[in-house]
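> Take a look at the letters that make up each chain.
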Amino acid sequence: MTAPLLEVRGVTRRFGGLIAVNDVTFDVHAGEIVGLIGPNGAGKTTLFNLLTGVYPPSSGDIRLEGEASGGLKPHKIARRGMTKTFQNVALFMESSVLDNVVTGGLLNNALPEARDKARQILDRVGLSAIADVRAGDLSFPERARVEVARALCTEPKLLLLDEVMAALTPAEMEEVIDLVRSLRDDGTTFIVVEHHMKAVMKLCERLLVLNFGELIADGTPTEISRNDRVIEAYLGANFAKKQASQPVETA
Amino acid sequence: MTRQRLLPVLLFAGVIILALIPLGLDPRGYEMRILCITLLFASLGQAWNIVGGLANQISLGHAAYFGIGAYTSTILLKLFSLSPWLGGVIGMILAVAFALLLSLPTARLKGHYYALATLAAGEAIRVIANSWADVTGGPVGISVPYLPDGSLWMMQFSTVLPNYYLFLAALVVICLVFWKIKSGALGYRLRAIKENEQAAEVIGVDTYRSKLIAACVSAAITAFLGTLYAQFQFFFDPDTVFGVATISVKMALIAILGGVGRLSGPLVGAAFIIPMEEMANSYFGSSAAGLSQFAYGAILVLVILLNPHGLTALFAQLRDRFTGKGGSHDRSVA
Ligand SMILES: Nc1ncnc2c1ncn2[C@@H]1O[C@H](COP(=O)(O)OP(=O)(O)OP(=O)(O)O)[C@@H](O)[C@H]1O
Ligand SMILES: [Mg+2]
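Residue numbers (the numbering used here), protein chains in the order written: chain A, 63 to 313; chain B, 6 to 339.
Bear in mind the hints are in silico, worked out from the structure with no lab data behind them. Think of the CB as a built atom: it goes at the ideal place given N, C-alpha and C, for glycine as much as any other residue. Hints may contain errors.
What the hints assert, rightly or not - Here are the computed lysine-lysine pairs in the PhoX-like style, where the Cα-Cα straight-line distance is at most 25 Å:
1. B/K199 x A/K138
2. B/K199 x B/K185
3. A/K138 x A/K219
4. B/K115 x B/K187
5. A/K135 x B/K115
6. A/K135 x A/K219
7. B/K199 x B/K115
8. B/K199 x B/K187
9. B/K199 x A/K135
10. A/K264 x A/K219
11. A/K138 x B/K115
As the list claims (entries may be wrong) - With the C-beta cut set under 8 Å, the calculated list includes, among others, these residues of chain B facing chain A:
12. Y193
13. R194
14. A197
15. E200
16. Q203
17. A204
18. V207
19. G209
20. D211
To be verified - Just a sample of chain A residues kept apart from chain B, beta carbon distances all over 10 Å, derived:
21. I81
22. D185
23. P203
24. K219
25. M235
26. T284
Using the sequences plus the hints, can you model the full thing?
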């Protein structure tokens with residue numbers, strides 16, 4: 063087997079007394095679409111923040127393409143090919159949709175090429191019609207899409223998507239699933255955080271489950287759905303509540 | 006967009022008008038001096054706009070760069086009869102060195118903390134200039150040596166008319182620099198920093214580097230304007246060129262008042278603030294010198310209450326109201 067694209071070894075992050083991510087170890091190989099699930103507060107977003115350099119890990123190693131990336135500044139990690147979307151949406155709200163995406167394109171391109179690239183990506187993500195709208199004037203699902211487009215414009219090898227399907231209609235979710243698949247076919251690897259189980263099961267070939275900061279399972283969707291610790295974590299937490307609050311019917 | 010085409014035409018017309026104005030005025034008169042100071046502060050506001058406007062790094066220490074420029078060229082002229090053009094360039098280099106030094110502790114600071122840290126740094130330089138009397142002349146100030154046969158090379162003239170055209174040329178150059186930065190890759194990066202610094206980093210913007218480049222360009226320009234000021238004023242002291250109210254706050258105020266981050270902002274701000282201040286000073290006399298500062302404060306509060314995007318946005322809104330173009334969310338005004 064080829065060397066993993068991402069290696070995470072014993073990564074821990076503390077916030078004061080709270081251990082948000084606790085001794086997490088896993089690999090991601092190029093071409094995978096890995097789901098990262100777990101109850102609210104399990105540490106999913108924090109793990110993304112550690113991978114992309116928003117926070118340094120308290121301990122543990124992160125390697126991207128075999129080279130240590132833990133504790134590097136986010137722009138260095140982005141340059142190495144890993145970036146993320148923000149769960150709570152962190153667009154440049156006063157700028158147009160196009161300018162948001164162009165800014166991502168500047169990582170690897172001069173301005174004119176970044177503009178061309180941004181237009182192509184807006185096309186692909188289906189945002190061309192609102193290219194000139196101010197990001198702050200968009201609806202939440204539109205903003206999430208712009209997050210994806212902006213991240214894509216950095217030409218990532220590994221893209222971390224943090225709940226980009228929240229608040230989408232089932233039809234829109236299908237579009238995102240198709241988009242992620244086609245991007246994967248073009249060579250991008252994904253880790254996807256999503257609460258909507260049906261979408262996760264459909265999109266991902268492999269799932270990681272976090273609970274109270276610990277990685278409690280790593281396997282195929284079928285394995286995960288039969289895993290006792292996972293069922294306990296979800297039922298013991300707010301699995302039922304979470305499912306009930308989803309706007310769309312589940313399997 | 007017609008807007009985009011109109012802008013260069015308007016600016017070109019503005020430059021022509023500004024170039025013609027002095028022809029109708031007494032070249033030794035008071036009005037000429039006010040016009041020179043207005044042009045100087047429009048340039049200073051534009052230099053500040055590169056960091057304060059584009060990246061929202063609210064510096065209150067830019068007097069440090071201005072004073073470094075003024076003192077460097079003047080001291081070198083005094084000691085070695087060095088042309089202020091060369092002295093000014095050395096001043097720019099020293100100002101950039103100071104900006105780099107200052108960025109070490111301040112680049113990660115945000116908002117008020119950055120403003121306070123730069124304010125403190127500016128004040129520190131003023132104190133040093135006051136106490137280092139051997140070199141600077143101390144609190145009594147320093148005079149630019151008078152050269153009877155003035156020349157462009159020595160930046161000395163028998164009237165202020167050539168100074169006026171130097172200030173005008175400087176303003177044009179600085180506006181071009183600002184526009185180039187704003188519409189280029191660095192402008193995108195600085196805007197990203199302004200609007201969401203963490204997101205900017207995560208999508209690959211080296212925020213530290215971008216802020217540093219902006220700060221150095223701004224510092225260099227400000228320092229050269231200090232040299233132009235010294236050669237225009239012929240006498241200054243540390244409290245003037247390193248002053249918080251006289252330089253640092255005024256630079257910020259002019260840009261903020263006019264419309265922060267916009268090309269036209271500092272132009273409008275300076276055209277408004279400087280003549281008003283001069284009028285107030287001549288009307289009330291020097292006994293009420295604090296009054297203009299009070300007036301700044303009052304005007305700033307008013308503008309922020311009425312429209313936090315500054316006077317240019319306010320004008321645009323009024324114009325839209327009169328022309329019936331209800332486009333209040335047109336934020337792309339230069
Ligand atoms: N910057 C921070 N400072 C302090 N505590 C934090 C910080 N970021 C996250 N936490 C805490 O870490 C824990 C994990 O939070 P995190 O946001 O990673 O969870 P999550 O799995 O993404 O949850 P959700 O599904 O609700 O998005 C929570 O208890 C949270 O309060
Ligand atoms: Mg989260």
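> The structure should be examined with respect to each hint, and the outcome stated for every one.
A quick look at each hint next to the structure:
1. Between the alpha carbons of B/K199 and A/K138 the distance comes to roughly 20 Å, so the proposed pair stays at or under 25 Å and holds.
2. Distance restraint check for B/K199 and B/K185: the Cα-Cα separation of roughly 18 Å lies within the 25 Å cut-off, and the hinted pair is therefore satisfied.
3. The hinted pair formed by A/K138 and A/K219 meets the criterion: a straight-line CA distance of about 14 Å does not exceed 25 Å.
4. Taking the CA atoms of B/K115 and B/K187, the gap is about 21 Å. The hint holds against a cut of 25 Å.
5. Pair hint A/K135 plus B/K115 holds up; C-alpha atoms about 18 Å apart against a cutoff of 25 Å.
6. For a cut-off of 25 Å, the pair hint linking A/K135 to A/K219 stands: about 17 Å separates their Cα positions.
7. For a cut-off of 25 Å, the pair hint linking B/K199 to B/K115 stands: about 10 Å separates their Cα positions.
8. Restraint check for B/K199 and B/K187: the C-alpha separation of about 13 Å stays at or below 25 Å, so the hint holds.
9. For the hint pairing B/K199 with A/K135, the CA-to-CA distance comes to about 18 Å; that is within 25 Å, so the pair holds.
10. A C-alpha spacing of about 22 Å is found between A/K264 and A/K219, which places the hinted pair at or below 25 Å, so the restraint holds.
11. Between A/K138 and B/K115 the CA atoms are separated by roughly 21 Å; this keeps the pair inside 25 Å, and the hint holds.
12. Checking B/Y193 against chain A: minimum C-beta separation of about 5 Å stays under 8 Å; hint holds.
13. Look at B/R194: its Cβ gets to within about 7 Å of chain A, closer than 8 Å, so that hint holds up.
14. The beta carbon of B/A197 is positioned within 8 Å of a beta carbon in chain A (closest approach about 5 Å), and the interface hint is therefore held.
15. Because the closest C-beta pair between B/E200 and chain A is about 4 Å apart, less than 8 Å, the hint holds.
16. Annotation: interface hint on B/Q203 holds; nearest CB of chain A at approximately 6 Å, less than 8 Å.
17. Of the supplied interface hints, the one on B/A204 holds, with its beta-carbon coming within about 4 Å of a beta-carbon of chain A, less than 8 Å.
18. For B/V207, the interface hint holds, the least distance from its beta-carbon to any beta-carbon of chain A being 5 Å, beneath 8 Å.
19. Taken as an interface hint, B/G209 checks out: its beta carbon lies about 3 Å from the nearest beta carbon of chain A, inside 8 Å.
20. Interface hint status for B/D211: upheld, as the beta-carbon distance to the closest one in chain A is roughly 5 Å, under 8 Å.
21. Its beta-carbon lying about 23 Å from the closest one in chain B, A/I81 satisfies the requirement of being farther than 10 Å from that chain.
22. The Cβ of A/D185 sits about 19 Å from the closest Cβ of chain B, beyond the 10 Å cut-off, so the non-interface label holds.
23. At roughly 18 Å, the least C-beta separation between A/P203 and chain B is larger than 10 Å, which holds for a residue marked as non-interface.
24. The beta carbon of A/K219 is kept farther than 10 Å from every beta carbon of chain B, the shortest such distance being approximately 13 Å.
25. Even its closest Cβ contact with chain B, about 24 Å, leaves A/M235 beyond 10 Å, as expected for a residue assigned away from the interface.
26. At the 10 Å boundary, the C-beta of A/T284 stays outside the reach of chain B, the nearest C-beta of that chain being 34 Å off.
Violated hints: none; the structure is consistent with every hint.
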